[in-house]
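Trainee: Going down the list, the protein sequences come from chains A and B. With full-length UniProt numbering, you'll find the first sequence wraps up at 347, consecutive numbering, no jumps. With full-length UniProt numbering, you'll find the second sequence wraps up at 247, consecutive numbering, no jumps.
Careful: at least some of the hints might be erroneous.
What the hints assert, rightly or not - Simulated coverage check for chain A against chain B, where a stretch passes if three residues somewhere in it have a Cβ under 8 Å from a Cβ of chain B:
#, region
1, 28 to 35
2, 43 to 54
3, 208 to 221
4, 245 to 259
Read the hints as simulated data drawn from the structure, not as lab findings. Source: prediction; values computed, not measured. Every residue, glycine too, gets a C-beta built ideally from N, C-alpha and C.
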Amino acid sequence: MYEKDGEKYFIVDGHVHIWDGRKSNQRNIHGQQFIDCFYDYHQNLSPEEYVWDFDSYAYYGSERFMKDVFVDGHVDHAIFQATLLSEFYHNGFGQTEEAFGLTQEHPDKLTYNHAYDPRHGEKGLEQLRRDAERMNLKGVKLYTAEWFGSSRGYKLDETWSRRYLEECIKLGITNIHVHKGPTIRPLDRDSFDVADVDKVATDYLELRFIVEHVGLPRLEDFCWIATQESNVYGGLAVAMPFIHSRPRYFAQIMGELLYWIGEDKILFGSDYALWTPKWLIEKFVDFQIPEDMTEYPPITAEQKKKILGLNAAALYDLEIPAEFATRETAGHDRVEVAAGAREAASL
Amino acid sequence: MTAPAVCKADDIIAALSTVSDPELDEPITELGFVRSITFDDHGVIVHLRLPTAFCSPNFAYLMASDAQDALRMVDNIGSVDVLLDDHHDSQKINAGLAANAGYRGTFGEEAEESLAELRRTFLRKAHTAAMERCVEAQVKRTGMRLDEIHRLTLRDLPAGKQKTALLRRRVDIGLSICPSSRVVVDDAGRPLSPEAVPTRLRCAKSVRISMEGNAHFCRGLLATRYSDGGNTNTPQILDIRTTRRPA
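Next comes chain B alone, as it looks inside the complex:
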């Protein structure tokens, strides 16, 4: 028998908060996707939920398997079971996760490509949106001209949430976080000419608008779907361990 979980609900939530919806670039804990956390004598069971039964299975699988990976890093957690509720592929995904079958093992012939490229696409978008947010704030703050933006470096950005977010996303896609790195770069991290900057920012803006809008949409649908109004940050926590151990 696996050792019973001796970790705390806070540890579980902290681990789950490192998992993001790939398309929205927001943690599943803040989106209200974590439905419940149950401790039993074997370990921890986490139920996830999504805004509709027809959320794309590749995204659903990505989040559920990321959650499983994140939870397995928690000390003394015991067994880890992640279950996706009310999705049209719930059975398939849950069986695949339980068997550690991987994406292709779970979906068989339909999964022609690996999830790696999909994940990368969305990490790149997350970086693009974060970059645009920083530049827009900088332009507002300093009134810098469009033809000066190409010179902007990470050092020039004031410390804060937006900068931290940008740095994290640069790390995610393997870009330098050296303070003298240019802020406005292409997906490969190459600096852009003054002429190319406006178009890049214009595209980046539509990426950001798209992602923010989707997050509104998903929150709204989750609220409509579940009677708790999609109440975020508060998964139901159940402890049914027969032998309690001090944490």
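Extracted from the complex, chain A is given alone in its bound form:
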């Protein structure tokens, strides 16, 4: 638990990885390009003292992971989000078995979310059933822009994808994390808009759709959808590091998110090892909307507590210290959203 100025924060990092981007694991040039792209993100948006050398970054293993996230990183519980990228890496980019193994060793600290690809049809559905049982899945991470043969992406509302989502409902996999973020390599089927989330969120109210990277760089599309759908959440991975390099832009993102979707539906995520949670959490706890941005109210400690952990804890039924147990609205999917929008509209 992180403590600052007499306030305690139960921290859930909703987006972490153990990956292997080394040469030995790369299937082709795209494997190199992908880890290079990640490394550029890391270098460009981290404070200088937190920048790693490329080799450590390409593969850091579970020991370093545990230290960076839990020992140095203030995190109480972390959720792995799978990133397979099987077309680029021999043994996948995210290290499925290594990560899953760690969650077996530390079930109190770690949750494993696996992935599926609806383009694998019936065979993939069977695999999903087996994975759900073996891994006790509560969530999945979908990478709609993943390459598969000649296809470079799919949409959530396609027929096969719907069948998988319906299977998730049966299997009790309720948290559907969707990568809708910085433009990486899809074609026109791609995730440049989040409209497919809109469609399936309406149809599957039993599921919660956590839009990772809050739709950046299409924040407004995400906000608009999340405002209309009660079961759409925003994951802050990749938006978080702007707190250091572009604090005013970060303030605008937070201001808009709090206005449109509210404090109960925003989830912290470091996207480790893109960034380490330690500095993100410390800076976020210290963060305040600049005074001259009068269009946004200040962020309260209560809001930060929800965003940093209580919201995700509610989605994943995590045990939280008794002192937080009374905050029942956290992660609540019936909470009114965009109350501000309604007020504005009634003027």
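Given chain A's structure and the hints, the job is docking chain B onto it.
Mentor: For chain B alone, coordinates are given in the frame of chain A:
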């Protein structure tokens, strides 16, 4: 053989500055995306670069083909070759451009839709952001109330960069630029009721924030990726013509 280029580097840069990143709504010349301009005996070769190898191929194609179109309008340019460097689809895009294959011809079955709708989406967003900037400045300047904004017309806006930008974007999506046109309109150019204006502006604001933020992001990544620090406005210019002609 094609006639050798007799145009100047300035003409080339001027032509390229009319090409914008569709998502950021800023010229590729200012974003540092033009890497080099080479004159040879056949014409001009322009190399473009992007902030990451994984920039969306449809955006990459859009910019590269827009650049090709803009350059072909330059007088006496000779042959035009636009090449996209260091992109995961560089080969595909470059081959498609060289063969004038068009978007679908370049990407085959993956390109289900034409680029026209994508382009329109971003032109609409550019207009929305420009509209919000003008209104915000106007509110700051005049202290007008929220319930008066729906009456604001283009005539009321002071001349300047923001107004020019708004007018240009209205033209892009086919909206009237008549001085008595309302400023706050929906995507189809219809004026809004006083009640609908605040929500429209609120949405418009998140569009603007998104676009401005992306531009920061792309600049930062370009600077990290290339050793020249993404130095903008200064493409490398090479002249390897064997027969120089006076410009």
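Trainee: A separate judgement is required for each hint: does it hold in the structure or not?
Mentor: How the hints compare with the structure:
A count of 4 residues in the region 28 to 35 of chain A with a Cβ less than 8 Å from any Cβ of chain B is obtained; the coverage claim is therefore met, three being the minimum. Using a Cβ-Cβ cut-off of 8 Å, 3 residues of the region 43 to 54 of chain A lie near chain B, which meets the minimum of three, so the contact claim holds. Check result for the region 208 to 221 of chain A against chain B: holds, 5 residues qualifying (beta carbon to beta carbon below 8 Å, three or more required). For a cut-off of 8 Å, the count of residues in the region 245 to 259 of chain A with a CB near a CB of chain B stands at 7, and the three-residue condition holds.
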